[in-house]
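Let the sequences and hints guide you as you build the complete structure.
At the far end of the sequence shown sits residue 338, using my numbering, and the numbering has no gaps.
The hints are simulated quantities; they were obtained by calculation from the structure and are not laboratory data. It cannot be assumed that every hint is accurate.
[To be verified] With a straight-line Cα cutoff of 20 angstroms, these simulated DMTMM-like cross-link-like pairs (lysine to aspartate or glutamate) come out:
1) K327 to E75
2) K114 to E75
3) K13 to E24
4) K13 to E73
5) K212 to E312
6) K186 to E131
7) K37 to D67
8) K37 to D85
9) K68 to D51
10) K37 to E89
11) K218 to E185
12) K57 to D91
13) K212 to E333
14) K57 to D77
15) K57 to D85
16) K132 to D85
17) K323 to E73
18) K37 to E75
19) K68 to D97
20) K251 to E164
Computed from a prediction, not measured in an experiment: that's the story for all the values here.
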Amino acid sequence: MTDLHSLEQELIKPSAALIADLYELDGDIIILGVGGKMGPSLARLAKAAIDQAGIQKRVIGVSRFSDKQLQGELEADGIETIAADLLNEADLAALPDVANVLYLAGTKFGTTGKEAFTWAMNAYLPGRVAEKYTNSHIVAFSTGNVYPFTSVNSGGATEDTAPEPIGEYGQSCLGRERVFQYFSEKNSTPTLIYRLNYAIDLRYGVLLEIAKSVLAEKPIDLKMGNVNVIWQGDANEIAIRSLRHCSTPAKLLNVTGPETVSIQWVAEQFGRLLDKTPVFFNEPQPTALLSNASEAHRLFGYPRVTLRQMMELTVAWLQGGGKLLSKPTHFQERNGKF
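This is the structure in structure tokens:
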């Protein structure tokens, strides 16, 4: 699997459970913020599952579409697209009323120095969208960054853990959640807050960053010594299937893999696969940004792609010269500044 087409085909294979859920889901699906890292594969997965279910359901992707090539590719795959700036009131008002909303819009990287825009995107816009889609089911993407650091031996923060975000990015994401929660109760809008960390794709993600560092013999910072990861295809499936689990008040759901993953262990495994000796600096801290996704696993089962599979695929992708995205996760960040 060393070319982009093969990767996309792998990412859009729907499970029988997803097909069954979409067969039972009433109405079309609109994806707000489809142009980001996860949006295109999410849209294609939904379309593939709808086609395999043999049902009629529109998938609509909304983005500014600064990348016109992506817009054309999505259209060619049977996904309707709308070029719109969601912060523009006229653009937002012109969007079609759709029964099911996947809300991926937001900003993270480059937030330092652009704090006002960050809050507008992450905390103001959700209220405008919630008012627009009062009668819809809304799955609103959020992040584990709303949680405090927890002990690496604790199993991670659960949905019952009180939020304590570090830095303005995490604070603005908690603002997004609170706004969606407010309008869910005010307007009886079924909503699910989808707290994700970290999605893995062969073109970006925590595992790729570690593997690249090992390959380049670049020192790896161990201060954030542990993380959670989940294959992007599994994260996409859970997002779509979550449309059937929206509620009022809004349901909180952590989405990630089952392991607390040691950065040092992962780097050492990559070292064996790449015939390199990893270089480290700093000592692992006793706390990290970790989430417990046992509720998501109860609802949807364990992720289909394992940690070992993700690692082996990452190495094959790197060695085969696969395309990479320059979108670092900054998973090492402990001060909340992105």
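Right, here's what the structure says about each hint:
Restraint check for K327 and E75: the C-alpha separation of about 24 angstroms exceeds 20 angstroms, so the hint is violated. Of the pairs offered as hints, the one joining K114 and E75 is violated, with about 33 angstroms between alpha carbons and a cut-off of 20 angstroms exceeded. For the proposed pair K13 and E24, the alpha carbon gap of about 19 angstroms is at most 20 angstroms, so the pair holds. Proposed proximity of K13 and E73 is supported: the alpha carbons are some 18 angstroms apart, at most 20 angstroms.
Of the supplied pair hints, the one linking K212 and E312 holds, its CA atoms being roughly 13 angstroms apart against a limit of 20 angstroms. Under the criterion of a C-alpha separation no larger than 20 angstroms, the hint pairing K186 with E131 is consistent with the structure, at around 10 angstroms. For the proposed pair K37 and D67, the alpha carbon gap of about 13 angstroms is at most 20 angstroms, so the pair holds. Between K37 and D85, the direct Cα distance comes to roughly 18 angstroms. Compliance with the 20 angstroms bound is thereby established for this hinted pair.
Of the pairs offered as hints, the one joining K68 and D51 is violated, with about 25 angstroms between alpha carbons and a cut-off of 20 angstroms exceeded. Proximity of K37 to E89 is assessed by CA-CA distance (about 25 angstroms); at most 20 angstroms being required, the pair is judged violated. About 49 angstroms separates the Cα atoms of K218 and E185, which puts this hinted pair outside 20 angstroms; it is violated. For the suggested pair K57 and D91, the alpha carbons sit about 23 angstroms apart, so the restraint of at most 20 angstroms is broken.
A hinted pair counts as satisfied when its Cα atoms are at most 20 angstroms apart, and K212 with E333 qualifies at roughly 18 angstroms. With a CA separation close to 14 angstroms, the supplied pair K57 and D77 stays within the 20 angstroms bound. For the proposed pair K57 and D85, the alpha carbon gap of about 24 angstroms is over 20 angstroms, so the pair is violated. Proposed proximity of K132 and D85 is supported: the alpha carbons are some 14 angstroms apart, at most 20 angstroms.
Using a Cα cut-off of 20 angstroms, the hinted pair K323 and E73 holds, with the two alpha carbons roughly 17 angstroms apart. Distance check on the hinted pair: K37 and E75 sit about 17 angstroms apart at the alpha-carbon level, within 20 angstroms; holds. Straight-line distance between C-alpha atoms of K68 and D97 comes to about 24 angstroms, which puts the hinted pair past the 20 angstroms bound. Between K251 and E164 the alpha-carbon distance is near 18 angstroms, which keeps this suggested pair within the 20 angstroms criterion.
Hints 1, 2, 9, 10, 11, 12, 15 and 19, counting from the list given before, are not met by this structure.
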